[in-house]
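The listed protein sequences correspond, in order, to chains A and B.
Sequence positions in the first sequence follow our numbering and run 10 to 128.
Sequence positions in the second sequence follow our numbering and run 10 to 128.
Simulated from the structure, these hints should not be mistaken for laboratory data.
Given the structure is predicted, the values throughout are model-derived calculations rather than measurements.
One or more of the hints may lead you astray.
Claimed, not checked - Where chain B lies over chain A, by a calculated footprint (3+ residues, C-beta under 8 Å):
1) 39-50
2) 80-86
3) 89-103
4) 111-117
Stated by the list, open to error - Ranges of calculated distance between the beta carbons of each label pair, as one might list FRET restraints:
5) B:55 <-> A:29: 42 to 52 Å
6) A:21 <-> B:12: 19 to 29 Å
7) B:48 <-> A:31: 25 to 35 Å
8) B:55 <-> A:79: 30 to 40 Å
We put the beta carbon where it would ideally sit given N, CA and C, even for glycine.
There are 2 protein chains.
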Amino acid sequence: MTQPSAHEIVQDYHRAWTSGNIDRAMTLVADDIVCRAPGEDLTGKDAYREFIGGFAPTLTGLAEIADFADGERVGLFYYPQTAATATAPAAECFTIRDGKIAENVLIFDRLSFGPPVDA
Amino acid sequence: MTQPSAHEIVQDYHRAWTSGNIDRAMTLVADDIVCRAPGEDLTGKDAYREFIGGFAPTLTGLAEIADFADGERVGLFYYPQTAATATAPAAECFTIRDGKIAENVLIFDRLSFGPPVDA
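Working from the sequences, and respecting the hints, build out all of it.
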């Protein structure tokens with residue numbers, strides 16, 4: 010069997026969670042994932058799942074901007090559309106190890122996605 | 010003469026503005042640049058220069074995360090370090106046309122870089 014590329018793994022992950030299939034998405038995430046998210050660092054798949062699983066139901070649409078791959082690194086730029094905004098972009102920089110997402114640097118502007126809490 | 014690649018143009022631009030050389034950086038930007046920045050769209054080099062020129066003096070350091078290139082698209086992920094934060098990432102997705110930066114989707118979390126104004 011051919012191993013999927015880092016790019017394919019991320020595309021599979023991205024399609025899964027943005028279509029609401031969190032279970033499928035999490036099969037592509039390492040147990041010890043480290044994710045830098047806006048305002049917080051998430052460590053471990055449980056924390057990561059809670060974060061993504063909390064955001065996914067707010068998606069009303071998706072518009073891709075660009076995607077990049079370079080060895081084990083994959084970069085995505087897209088518009089995660091919600092009731093708050095259709096034009097605020099997000100970016101993710103993934104690092105793949107042993108066929109799973111081991112690191113993610115996830116960037117979006119919290120202010121664009123809703124009123125700040127405890128700002 | 011060999012034309013610089015899209016990747017080289019962006020690297021040149023990135024080095025210039027992050028070292029405070031806004032004049033040099035702007036030689037690599039199209040007059041009619043369109044930039045999606047957090048909370049605002051910037052149109053034209055004057056508006057873009059004002060935005061970047063306003064942020065550049067607040068930089069206290071820089072840590073690169075990753076960079077990607079695919080044809081005329083270039084993606085950068087890095088930490089623009091300021092007095093407010095050294096660990097809040099930024100991402101930029103550039104489109105190069107005719108040797109200049111024609112489009113930029115610039116993403117960072119405003120809340121991480123300082124207290125919100127009029128939030």
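Note whether the CB distance of residue 21 of chain A and residue 12 of chain B lies within 19 to 29 Å or breaks it.
Once the Cβ atoms are compared, 36 Å apart, the range 19 to 29 Å for residue 12 of chain B and residue 21 of chain A is violated.
Taking the beta carbons of residue 48 of chain B and residue 31 of chain A, is their distance inside 25 to 35 Å?
holds (29 Å)
Honestly, do residue 55 of chain B and residue 29 of chain A meet the 42 to 52 Å range at C-beta?
At 43 Å between Cβs, range holds.
Between the stretch 89-103 of chain A and chain B, see if three or more residues pass the 8 Å beta-carbon test, and mark the coverage as holds or violated.
Result for this restraint: holds, n = 6.
For the stretch 111-117 of chain A, do three or more residues have a beta carbon lying closer than 8 Å to a beta carbon of chain B?
Held - the stretch 111-117 of chain A has 3 residues with a Cβ nearer than 8 Å to chain B, which meets the minimum of three.
Can the stretch 39-50 of chain A be counted as covered by chain B under the rule of three residues or more with Cβ-Cβ separation shorter than 8 Å?
holds (count 3)
Given the hint of 30 to 40 Å, check if residue 55 of chain B and residue 79 of chain A actually sit that far apart at their C-beta atoms.
34 Å Cβ-Cβ, so the 30 to 40 Å window holds.
Proximity test - 8 Å, beta-carbon atoms, the stretch 80-86 of chain A to chain B, at least three hits:
holds (count 3)
Violated hint: 6 only; the structure is consistent with all others.
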